[in-house]
Amino acid sequence: MSETIAPGIGPDAGPGGGGGGPAAEGNVFTATGGDWGDIAEEAAALGQERIVVNMGPQHPSTHGVLRLILEIDGETVTEARCGIGYLHTGIEKNMEFRNWTQGVTFCTRMDYLTPLYQEAAYCLGVERLLGITDEVPERASVIRVMMMELNRVASHLVALATGGMEIGALTVMTVGFREREQVLRLFELITGLRMNHAYIRPGGLAQDLPPGALDSVRDAIPTIRRGISDIEKLANENPVVKARLVGVGYLDLTGCMALGITGPVLRSTGLPHDLRKSQPYCGYETYDFDVVTWDTCDAYGRLRIRIEEMKVSLDIVEQCLERLQAIGPGSVMIANKKIAWPAQLAIGADGMGNSLDHIREIMGTSMEALIHHFKLVTEGFAVPAGQVYQAVESPRGELGAHLVSDGGTRPYRAHFRDPSFVNLQAVAAMCEGGQVADVIVAVASLDPVMGGVDR
Amino acid sequence: MSDQTGEQAGEQPGGGLPVTPAAEAQIVDVRTGMFGVRGPGDTSGYGGLVRTVAMPAPATRPFGGYFDEVADRLTTALAVAGRSFDGCVEAVVVDRDEMTFHVRREHVVDVCRQLRDDPDLRFEMCVSVSGVHYPHDAGRELHALYHLLSITHNRRVRLEVSCPDADPHIPSVVEIYPTADWHERETWDFFGIVFDGHPALARIQMPDDWPGHPQRKDYPLGGIPVEYKGATIPPPDVRRAYT
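Note that the protein sequences, when read in sequence, are chains A and B. Taken in order, the first sequence gives residues 5 to 459; the numbers are from our numbering. Taken in order, the second sequence gives residues 1075 to 1317; the numbers are from our numbering.
Here chain A stands alone, though its shape is the one from the complex (with noise of 0.2 Å):
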């Protein structure tokens, strides 16, 4: 990467650019807070075309901190690299250093728009390397299916309005992150948070559904249902999104197997891979629903896959919502106290914390219950020596979860494999040749999102 690129990025070579090269040759501008007209004079009057552009880190389009090298001959894009790692955090060398329960914390905040996601995938994970998948309350399970495809609902409609706002369809923005609201209100309704929930927890549910929230979730389905109308007025037949979408970011079923892409730019081209179809988890067999393709393997394929699987989440969370209502009120914790959190979570006048009841318990009757949640609260759980690999279907791909025990109460190595991570290196196959003005489009129609790319 560097050999190629290394040449006129300029002395700043950020984290994992592939810089670190050989000093820069020929002639270096620099942008910052300048304006592009005097650069475009200055290189005209050297009478070269062909140039190295950094776009981003810091580009409104580039969602979030991802840095594009782009080697461009006029418009044409000769070469693009992507430069990742701006947002690393270390998330799976600190989850190392907590307890399994407390490992939802931190991994919630990878991709921080499909938050409940990696909870699942997570979660799933430490329940095969402890056995007690069986064990979940269904109840649980079809919450988490519930919350799941909210997720999606509300991470693809996230994807729409950026990349609507990036082609100029501001309207397409607007209506998105209204109809995102409303997810994310029944989120903070249900889990206290709008994102960063650490709702899905080894065994079962942090705490089970408020009073009411079956109701919410019903009364905002027809309200999201007719945003999502909307954006497919706004966008499906519109001349100008079709002229800017149609036969852009082409990547084709070999290059997806190749690059190991996965979601909706793998469905795009025709194949109906969907890990709730092939390797269901949560129960997703259960459910009737069917998976969505495409057969342009281009942008407008995926935006297209995008709006009919939103309409196909909410028909899962519709019927969660019967399923739930016919399994009445229940349990969402396992039933093994070796294992369950020993306190479900709950409002109290000073916002939300452990139970009234539950302090009451352990404080004023039963000093049992309270060494057993001392123990379990600052001990935590073992979980017997082996690892797995747990995959979710993510909006974005495959969500992978690999964890390690090596019998302790902390993970020994957790390591997720992120779609978006994954996605990105399909950029230089998608944009090399196109034009800069493409490029845009072809990075939205991945949906990278850098939280889960970096970690």
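To be clear, the hints were calculated from the coordinates, so they are not data collected in a lab. Just to be clear, a hint being listed does not mean it is correct.
Stated by the list, open to error - Straight-line distance between alpha carbons at most 27 Å, and here's what the computed DSS-like set of lysine-lysine pairs gives: (1) B:1303 - A:342; (2) A:379 - A:341; (3) A:341 - B:1291; (4) A:315 - A:237; (5) A:246 - A:315; (6) A:379 - A:342.
Here the structure of chain A is known, so what remains is to put chain B in place on it, guided by the hints.
Relative to chain A, chain B alone:
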């Protein structure tokens, strides 16, 4: 890094290197005592406790599920390619419904090629490569794990390749699975495993001039004590651990 990689790419990857065979069950840690109390202060008697922690032991046939079929087919495919299964694979571990082939590092590219190309195996996607550092696994401290997915047959297998800390070289599988490019770069970045033959083994997450490999067990987490309402909370890596 690119200069160094260029030199290494010319070498025969892992050829003729001494390889420590996989233990019966890989010992990952030996723990002594309990509650963190040592010496004369230990009135509990737990201080004399010695426990070895071992990963799941290698499995014997039948492995169950599709695992036997994968192993049989891989044996045949390797034989056709002029390799023996036992020569390439040190051990097969079946645990928690997952199959792990412990592959000798010099054969990882051959095994990957057969797993990808054989129509009855067809692991067309390498979803993830990551590392694990086992400082107690003498002579095999660094492990690289390859998670392979066959969409055709809806199967998964894991390859585990180990190398000693003193000679952290594993052949790159980028020529078989181009997607391993960034994964191997990340594993190099975090564990210091050199993937011979990788086209540009540069750091990917940490800055280019970063010293050390942060995910190794001997690399400190870092952190500062935090004072809160008069009490001081130590950084997480020096807090008491109960493992």
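Structure-based check of all given hints:
1. B:1303 - A:342: violated, 32 Å
2. A:379 - A:341: holds, 12 Å
3. A:341 - B:1291: violated, 32 Å
4. A:315 - A:237: Judged against 27 Å, a Cα distance of about 15 Å means the pair holds.
5. A:246 - A:315: holds, 21 Å
6. A:379 - A:342: holds, 10 Å
Comparing the model with each earlier hint shows violations of hints 1, 3; every other hint is respected.
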